[in-house]
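Engineer: Sequence:
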Amino acid sequence: MKRRLQWAILPTVLTALVAIAPAVQSQPVQTPLRTPVVVSGTAGGPQSSSCGFVPRTPNQVVQVTEPFTSLRFKVQGSGQLTLLISGPGGRNQCVMAVDGNIEAPGVWERGTYSLFVGDRSQAGGSRFTLTVSQE
1 MKRRLQWAIL PTVLTALVAI APAVQSQPVQ TPLRTPVVVS GTAGGPQSSS CGFVPRTPNQ
61 VVQVTEPFTS LRFKVQGSGQ LTLLISGPGG RNQCVMAVDG NIEAPGVWER GTYSLFVGDR
121 SQAGGSRFTL TVSQE
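If you read the sequence shown in our numbering, its first letter stands for residue 1, the second for the next number, and so on.
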């Protein structure tokens, strides 16, 4: 009986873990980056935006501490991935995937950048890897 109860609880625990998984995010990082920052997760979310469906909270936050910093944001995965970069002063930039890959290199001003990995499909659920590197 005890063993049967344990097996009955297992699906409930697994369901709870899957439900909270998209809410897990990495710690904010700040420049200079000595090594690339790599984050993996599930693309998309409940928020409809001009950049597809994105999560409520950013997948990664990058604090640029120098006046102009050369960074590369790279997303690899499958599905119809998007990358919403929300920067200082409410400026947003949307980058669409080509063959499941996104590259967004550039020189970034000082400030805080929130990175949201989205999906053009409301179903979402595609796995992704986001890499932030300083060049």
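Please keep in mind that the hints were generated in silico from the structure rather than gathered at the bench.
Heads up, some of the hints might be wrong.
[What the hints assert, rightly or not] Distance ranges between label pairs, derived from CB positions:
#, residue 1, residue 2, range
1, R91, S48, 12 to 22 Å
2, R120, P67, 33 to 43 Å
3, Q93, E66, 18 to 28 Å
4, P32, Q122, 19 to 29 Å
5, T112, P36, 14 to 24 Å
6, V98, S50, 34 to 44 Å
Only a predicted model underlies this, so the values are computations on that prediction, with no experimental measurement involved.
Built from N, CA and C at the ideal position, the CB exists for glycine as well.
Engineer: Does each hint hold? Answer for all of them.
Structural biologist: Here's how the hints hold up against the structure:
1. R91 - S48: 12 to 22 Å: holds (20 Å)
2. R120 - P67: 33 to 43 Å: With a Cβ separation near 34 Å, R120 and P67 satisfy 33 to 43 Å, so the hint holds.
3. Q93 - E66: 18 to 28 Å: holds (19 Å)
4. P32 - Q122: 19 to 29 Å: violated (38 Å)
5. T112 - P36: 14 to 24 Å: holds (19 Å)
6. V98 - S50: 34 to 44 Å: violated (18 Å)
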